[in-house]
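One line per chain: the protein sequences are W and B, in this order.
Residue 34 in the numbering used here sits at position 34 of the first sequence, and the numbers go up by one each step.
Numbers given in the numbering used here equal positions in the second sequence, counted from 1, plus 101.
Certain hints may be false.
[To be verified] Estimated spans, in silico, between C-beta atoms of each pair:
(1) Leu193(B) / Arg94(W): 34 to 42 Å
(2) Thr13(W) / Phe169(B): 54 to 62 Å
(3) Leu259(B) / Asp45(W): 24 to 32 Å
(4) Leu183(B) / Asp57(W): 22 to 30 Å
(5) Asp57(W) / Val164(B): 40 to 48 Å
These are computed hints drawn from the structure, not numbers from a lab.
Backbone N, C-alpha and C fix where the C-beta goes; we use that ideal spot for every residue, glycine too.
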Amino acid sequence: MSDVHPTVGLDDTVHQRSRLGILALLRSGVAVEFGAIRDELRLTDGNLNRHLKVLEDARLVASSRQTGRGRPKTWVTITAAGVDALEAELSALRALIALAE
Amino acid sequence: MARSLVSDAEALRTRGWRMASPVWFPLLWTSMTVLASVPAALLLDGANAAGWYWAVMAPVSAVVSGWFFSTRRAQPPVRVGLVVLATGLAMLLASGAIVWLADGSWDMAPWLVVGAGFAVFAAAWRSASTAVFAAATLGTAVTVSLVDPDDRYLVVALVVGVVGALAALAELVRADPERRA
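Same shape as in the complex, but just chain W (with noise of 0.2 Å):
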């Protein structure tokens, strides 16, 4: 009886379904710039602000604005914790459906 429930492995951070999906795009490590993740996940430029500036407040993203010619680019990159975080959460919706089947 000592096995935790998939549940308590779930993070209300990374949980939520666009957080979780700006993660998983950041996850092989490259800098994606703002517009390409909002355009990816069909998020409004606030909600993604909002959403990024929970993720930056967690530090599991990080990213940094770019300016010269032209407009100015905010590049977003995926911390070690993020990606920590990524597939802790993964494993423990993989056990949730495991556990449901």
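Knowing the structure of chain W, use the given hints to seat chain B on it.
Below, chain B alone, put in the same frame as chain W:
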């Protein structure tokens, strides 16, 4: 709900990997231009035909690759400017090294430049297949300089062209979701 979340996350992870695998383009472009240089030199059949071919294709390749990367919405984790600077320095050092290696002969220098440039790319994009291509290019250029076979250009062009095409194929397969299951 959980199944849907996992499915969405997997799909987005795959999409992210596809965005993160752009090195296939310069690899494919390089291998095709290198392989095409052999028949092009034979067809032109003039003095320094290969030289004229590369005088045209080198700037065209730079412009085409620059355009391709500038349109990508995913960038290497380090600053792009740093990658460009590192690539330039590696190319300069590599082309200078050939003078010491082959006693003043510069005909292998372009291959060292290509190899050094792709070595920086491989590090920036964390691409093993690009690293293999860079190592094969550098290794072949050095070996040919030391062994000095009859058809120096043909040997290097074939090795670089074929390895480049295989590396481009490997880069495209890198985006295959099965690989990261």
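Structure-based check of all given hints:
no.: 1; hint: Leu193(B) / Arg94(W): 34 to 42 Å; in the structure: 50 Å, violated
no.: 2; hint: Thr13(W) / Phe169(B): 54 to 62 Å; in the structure: 36 Å, violated
no.: 3; hint: Leu259(B) / Asp45(W): 24 to 32 Å; in the structure: 51 Å, violated
no.: 4; hint: Leu183(B) / Asp57(W): 22 to 30 Å; in the structure: 28 Å, holds
no.: 5; hint: Asp57(W) / Val164(B): 40 to 48 Å; in the structure: 42 Å, holds
Consistency with the previously given hints fails for numbers 1, 2, 3, ordered from lowest to highest.
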